[in-house]
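Participant: Going down the list, the protein sequences come from chains S and C. The first sequence begins at 9 in our numbering and counts up one residue at a time. The second sequence begins at 10 in our numbering and counts up one residue at a time.
No wet-lab data here; the hints were simulated from the structure. What you are looking at is a predicted structure, and each value in this text was computed from that prediction instead of being measured. Ideal Cβ placement from N, Cα and C applies to all residues, glycine included. Keep in mind that the hints are not guaranteed to be accurate.
[Said to hold, decoys possible] Chain C side only, calculated, beta carbon under 8 Å to chain S, not exhaustive:
{"no.": "1", "residue": "R216"}
{"no.": "2", "residue": "D223"}
{"no.": "3", "residue": "A227"}
{"no.": "4", "residue": "V230"}
{"no.": "5", "residue": "P300"}
{"no.": "6", "residue": "R304"}
{"no.": "7", "residue": "A332"}
{"no.": "8", "residue": "S334"}
[As the list claims (entries may be wrong)] Label pairs and their computed distance ranges (CB to CB):
{"no.": "9", "chain 1": "C", "residue 1": "M313", "chain 2": "S", "residue 2": "G44", "range": "52 to 58 Å"}
{"no.": "10", "chain 1": "C", "residue 1": "M313", "chain 2": "S", "residue 2": "D86", "range": "58 to 64 Å"}
{"no.": "11", "chain 1": "C", "residue 1": "L50", "chain 2": "S", "residue 2": "G44", "range": "57 to 63 Å"}
{"no.": "12", "chain 1": "S", "residue 1": "S87", "chain 2": "C", "residue 2": "T144", "range": "34 to 40 Å"}
So you can see what is in the structure, the chains are spelled out below.
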Amino acid sequence: MSLPMIDPSALLTTHPEAVPRPETLLEVKNLRLAFGGVVAVDGLNMNVHRGEIVSVIGPNGAGKTSAFNCITGFYRPDSGEIAFMGKSIIRTRPSKITRMGMARTFQNLRLFSDMSILDNVRTGAHAHLRQHWFDAFLHTPAYRKTERACEEDARYWLDFVGFTGDTLLYVTQLPYGEQRRVEIARALATNPKLLLLDEPAAGLNHTEKRGLVDLIRRVRDLDIAVVLIEHDMGLVMDISERIIVLNYGKEIADGAPDDIRANPLVIEAYLGAGDDEEPADGADQASADPGQPLPPAPPSLPEASATADRSDGGEARR
Amino acid sequence: MESLKTYFSGQRGVYHGIAIAVVVAVFALPFITIDAYTIQLATQALIYVLLALGLNVVVGYAGLLDLGYVAFYAVGAYTSGILTTRLGWPMWATIPAVVAACVLAGVVIGGPTLRLRSDYLAIVTLGFGEIIRVTAQNLSITGGPSGIFGIPTWSFGSWSFNDGLTVGGLFFNGKILLYYFVAIVVMVLGLIGIPRLANGRLGRAWRAVRDDEDAAEAMGVNTYTTKITAYIIGAVWAGLAGQLNASLITTISPTSFQFLQSALVLMAVVIGGMGSVPGVVLGALFITLAPELLRDVWENRSLMFGILLLAVMLFRPKGLWPATSILPWSRDKHRAKVDTKPAQARAEEV
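Excised from the complex, chain C in its bound form:
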């Protein structure tokens, strides 16, 4: 009991505690209300959280300013849409295809662009984002400007998510079941997995490349492959979010993958705090929920939203929850536990 208390007052413990609380709260939401609007909004927010988690790998950890992230979201959505509607594959079977398509797209887009740095990279990724959209608009297999409609839901054998499921006397319809709970599961996977990656050998290389590319190269980090790995992981993640979204709204068209989407996700990452997982979750929730919550408060909600964004950037330039933040009440405990004697001595002096 005592050790649990110590654990949850340390930096890691606080993070874990908050994460568990958030996941439990999110999980409990449909048991409190099955209001279609609330669940739909919450699902949309979760999909943005997924996108932000993925873009955080690219922008936050590897420091690659990607203005065309929505391209991979589109690749995932279109791959699953085409395979299910044109070839009649079940939705689950398209997962490997989505992953493969996104890896391929990551290599094709990242291969030439990742030789560039900062501003140039941003411009080129912006261009590629548009290329993907315009391609989808002009190919017949992607349905042209009208896109793909009637994308089926997930089915396993004779049971599909449309049939719904009764849990503990409560009936959950297909929308809530899949699109909400599956989004939670994928989010939890990201919340656990991405920080783990970031703390390992690969993650250190990402952060080293972000902080100083030449110095990273001098440390034996092949900056090119390191950057492309970050790019591919971000791409696959966005592709899975795209697949989820495609099956949620059943219709995809080029208009759903405009630059504004990339900008919004990037905004979520920057506002939350680049390279900080709790930060980007907060940022994504802010981006999706704030306009909706402001709806009741004020008519000119877009203006209000803009002012809020400005305020965040002015007063928290490193984000709402910066990656470098140390929780004030856990500081000394954390240090004393991990560090060597001199630090302990120093902590006692203070």
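So here's chain S without its partners, still in its complex pose:
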């Protein structure tokens, strides 16, 4: 059985929202990144507008995390243009990009393990905290003032993400779900305009996922745009205003959740095409007819890939 022929260009709809978003926060044009012979990101184009929730999905190895790492400055793309709030951020240090208002979390939790929860979140305030080390050395009134403001800030964000525990514990003493919350609080403490979440729901249970959906919406209500990479289709379909689908480093679809669900290219990317081929991803989904639209929440697909994807991040660990 084969899929009906469709003109791909007809599927690349740009921003189908009814309400026009006035401001483009992030603009990625023709982004390309190769590791030797492996092309991780191959001519990616995407835009993120002010205050919207966008999901980036795609099979394992589609280049989602690589694209994230290019956008946040951790990888230097081979070619292409990335502009954040109208300014090019190619060849800019990640810390400077963060200062400009783009925060991120990591696929595998990367909290500061030997620091208290409060200190973790206070570190997020580093960029906009005006404090000279000499003030810290002398404990001047300026130091006390800035430190108090910083702590209040940190407690506000911990409160915002719904963390109610003891803030003086070390992060390693917390259960996994709580650590995820703290990581988001830490990213929010940088005062971002755009928050990139790399698989925020991985490893969370059902209740925690519901809490996450609520949290992401509340973040958006603060006029912070949220971009998330996620494998949990239920969550993605529920929360996203727009979904960008990547495959082999290319954007294959961009649209509202309902359009994406019915998009044959997306279905092909996830389930594979052709009779003789084994499905590339989510092998246990083979029973589902590829001709059918993607089910609203294919539970086994995201779960299986979420665990498998843990190690493929390609983030340079120390």
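With the hints as your guide, set chain C onto chain S.
Facilitator: Using the frame of chain S, we list chain C on its own:
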């Protein structure tokens, strides 16, 4: 009175209490005995404490494994030695020069090396430590292999530390006065200042870089400048200790700045507990005093010392006094005071 009692039973209070007790005890030592050997040993121990405090910033807080720390110790010693013997500067006037030389050395050595991580950094710093030593051995201004001798003591106007001073009917000679009491003053400065730095914005950045460099960068911390700041502060601190030591022993030569020295200071930091100020003080005292105290106990003291080190690493792998330790009796009080309601409720349940 009651509030004082509460204060000293909290975590901070216990730290402060111990610190005050130690400083008072150290300060009182010359009033109990002016035995030259004891004071000399105690001064040597204090200089190691200074070095360990400085290296703790680099290794303990910023997580940069520096195997050539003694290079900065040498820079400080040689700068003050050259300026006083060759140019006739008074010792106190060389302090700014020592600081400047160490900042420069920190930038020159740290600039290229701090782009590297962990193991690579360790190897390169090891190399730079040796480069400094070999340079000192081959330059004529540093006196070549025989080094610099006759380094003058500290003098202010007509009075110098060699004249000694009489305090409360007790006469203190130059050695005790300067090299012991000044070392105490500098140590107290470090004991107060370094934890303060570590708890501020810069210190949080150091610890963040140590725990996860990429995550720190993602939080807006410029990891490069953060690391180099830690490196420079450590360098200046070692330089001042070097200056103190140079004027104490009056003779410096390349043999006093060998790798073994770097290894010993690093050992003090690791044994004491990386990133823990009381820990590294304990570690430095252990490293310097244990071989001496063991002298009377057993002939094979080096072997005994080695076994003790092994035992510490086996049974206290995070150090004698780890940075993450919470004193058991102060735990609940500390939390309840600082934290919000839920924690209080939790503490009551337990």
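Participant: Would you mind marking each hint as holding or not holding in the structure?
Facilitator: Verification of the supplied hints:
no. : hint                       : verdict
1   : R216                       : holds (5 Å)
2   : D223                       : holds (6 Å)
3   : A227                       : holds (5 Å)
4   : V230                       : holds (5 Å)
5   : P300                       : violated (31 Å)
6   : R304                       : violated (37 Å)
7   : A332                       : holds (7 Å)
8   : S334                       : violated (11 Å)
9   : C/M313 / S/G44: 52 to 58 Å : holds (54 Å)
10  : C/M313 / S/D86: 58 to 64 Å : holds (60 Å)
11  : C/L50 / S/G44: 57 to 63 Å  : holds (59 Å)
12  : S/S87 / C/T144: 34 to 40 Å : violated (45 Å)
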